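Novice: The residues making up each chain are set out below.
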Amino acid sequence: MRDWKALVEERLAGLALEPEDKAEVIAEVATHLEEICEEMVRQGISDEEAVRRTLSRVGDWGDLQRKIFAAKRRGHPMKKRIWQLWVPGFLTMILSMLFLTVLYRLGWRARLVSSGPNAILLYTPWLAGLPFFGALGAFLSSRAGGSRVNALLVSVFPALALTFAFLFMFPFGMTAELIMGRPVDFSHVATVLLKDGIGWIVAPGAALLVGGLLAHALLRTRSSSQHTAIG
Amino acid sequence: MIAPGIKRGTAELAVLSVLEDGPLHGYEMARRIEEQTHGSLRFTLASLYPLLYKLEKRGWVRGAWETGDTGRRRRCYRLTAEGKKKLAPIRREWDELFRALKRLTKVSHA
Numbered sequence: 001m002r003d004w005k006a007l008v009e010e011r012l013a014g015l016a017l018e019p020e021d022k023a024e025v026i027a028e029v030a031t032h033l034e035e036i037c038e039e040m041v042r043q044g045i046s047d048e049e050a051v052r053r054t055l056s057r058v059g060d061w062g063d064l065q066r067k068i069f070a071a072k073r074r075g076h077p078m079k080k081r082i083w084q085l086w087v088p089g090f091l092t093m094i095l096s097m098l099f100l101t102v103l104y105r106l107g108w109r110a111r112l113v114s115s116g117p118n119a120i121l122l123y124t125p126w127l128a129g130l131p132f133f134g135a136l137g138a139f140l141s142s143r144a145g146g147s148r149v150n151a152l153l154v155s156v157f158p159a160l161a162l163t164f165a166f167l168f169m170f171p172f173g174m175t176a177e178l179i180m181g182r183p184v185d186f187s188h189v190a191t192v193l194l195k196d197g198i199g200w201i202v203a204p205g206a207a208l209l210v211g212g213l214l215a216h217a218l219l220r221t222r223s224s225s226q227h228t229a230i231g
Numbered sequence: 001m002i003a004p005g006i007k008r009g010t011a012e013l014a015v016l017s018v019l020e021d022g023p024l025h026g027y028e029m030a031r032r033i034e035e036q037t038h039g040s041l042r043f044t045l046a047s048l049y050p051l052l053y054k055l056e057k058r059g060w061v062r063g064a065w066e067t068g069d070t071g072r073r074r075r076c077y078r079l080t081a082e083g084k085k086k087l088a089p090i091r092r093e094w095d096e097l098f099r100a101l102k103r104l105t106k107v108s109h110a
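Sequences listed follow chains R and G, in order. Position 219, counted from 1, in the first sequence is what our numbering calls 219; the numbers after and before it change by one each time, with no gaps. Position 79, counted from 1, in the second sequence is what our numbering calls 79; the numbers after and before it change by one each time, with no gaps.
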């Protein structure tokens with residue numbers, strides 16, 4: 001039995017599409033050729049001859065490759081990134097922050113985990129809702145054709161944005177304190193950074209990622225399990 | 001046999017028309033078009049797939065991987081609502097062109 005995928009892959013090696021798109025095209029063309037070949041064999045043509053004739057039907061593989069590339073070529077990479085990363089990312093962030101505001105207005109407060117000076121504040125109701133926003137972000141990115149990495153980046157986008165805010169806020173705050181002549185207790189800053197980092201970045205990031213991973217897994221399962229009888 | 005230049009223009013209409021009857025994968029689509037036109041229209045891979053991908057990009061058809069009874073996975077194409085909407089004017093344009101050409105050739109043969 002011929003490996004039609006390998007035969008096509010070899011001939012369309014130069015097809016400059018994204019790996020997922022390229023694999024789809026190769027699989028599709030390979031299935032088509034395999035069916036032509038099988039039809040020839042059914043008509044009594046020898047296996048070797050059928051393969052030779054099937055491959056010759058394509059004629060110019062370079063021409064096929066160029067035409068497929070021209071037809072499949074997508075928009076500008078930057079434009080693509082906007083819809084696969086930035087728009088769903090900012091949307092996930094805005095919605096998750098709105099959700100936090102709503103919870104706060106409704107009287108849901110942060111819960112202290114452990115007691116004492118090293119207690120970590122966790123907004124548990126917010127954390128419980130975050131997987132949904134992570135899943136929504138991953139879904140939107142995947143729908144726009146985003147890769148797995150893109151979808152997962154979008155799902156944790158709010159946590160990434162908070163990381164940047166923290167990284168900017170702390171040095172800025174410390175510099176301001178030093179300028180004003182106030183002593184800076186670096187061990188205190190490190191403790192606050194760690195506590196807030198866990199409460200505002202690590203825990204929400206994990207919750208968002210859970211949602212993103214679930215949504216991505218669900219979308220993959222759905223797209224590969226459509227069973228319909230054909231012909 | 002129809003000249004390739006003329007065929008090229010009809011390819012879109014042929015694909016959309018054959019998909020109007022229901023979803024098809026590439027091989028079956030090419031086979032049906034060839035059968036229904038008694039071999040006058042024949043699609044090569046280099047003409048069929050780039051056209052399908054263009055139509056998909058325009059949103060006129062939608063392709064999805066499906067598994068048949070034999071367990072073989074094929075990419076099946078369906079006409080979208082947008083594609084159905086586009087098919088009617090394309091068909092009208094070709095009808096008009098054929099009628100005009102018929103009139104013209106009748107006059108010139110008279």
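These are computed hints drawn from the structure, not numbers from a lab. Errors might be hidden in some of the hints.
[Unchecked claim] Computed footprint of chain G on chain R; a stretch qualifies when at least three of its residues, placed anywhere within it, have a C-beta under 8 Å from a C-beta of chain G: (1) 62-71; (2) 92-98; (3) 128-138.
[To be verified] Quick list of in silico lysine to any residue cross-link-like pairs, SDA-like style, CA-CA up to 20 Å: (4) R:K195 to R:L213; (5) G:K57 to R:F170; (6) R:K22 to G:E96; (7) G:K54 to R:R143; (8) R:K22 to G:T37.
Predicted model, so just to flag it, every value in this text is computed and none were measured. For each residue, glycine too, the CB sits at the ideal point set by N, CA and C.
Novice: Taking the hints in turn, state whether each one holds.
Specialist: Here is what the structure says about each hint:
Check on the stretch 62-71 of chain R: 6 of its residues sit with their Cβ under 8 Å from a Cβ of chain G, so the three-residue criterion for coverage holds. With a threshold of 8 Å between beta carbons, the proposed coverage of the stretch 92-98 of chain R by chain G is violated, since 0 of its residues qualify and at least three are required. Counting residues of the stretch 128-138 of chain R whose C-beta lies closer than 8 Å to any C-beta of chain G gives 0; at least three are required, and the coverage claim is violated. Between the alpha carbons of K195 (chain R) and L213 (chain R) the distance comes to roughly 26 Å, so the proposed pair goes past 20 Å and is violated.
Distance restraint check for K57 (chain G) and F170 (chain R): the Cα-Cα separation of roughly 47 Å exceeds the 20 Å cut-off, and the hinted pair is therefore not satisfied. Simply put, K22 (chain R) and E96 (chain G) have alpha-carbon atoms about 40 Å apart, too far for the 20 Å limit, and the pair is violated. A hinted pair counts as satisfied when its Cα atoms are at most 20 Å apart, and K54 (chain G) with R143 (chain R) qualifies at roughly 19 Å. Taking the CA atoms of K22 (chain R) and T37 (chain G), the gap is near 32 Å; set against the 20 Å cutoff, the hint is violated.
Going down the numbered hints, you'll see the structure goes against 2, 3, 4, 5, 6 and 8, while the others check out.
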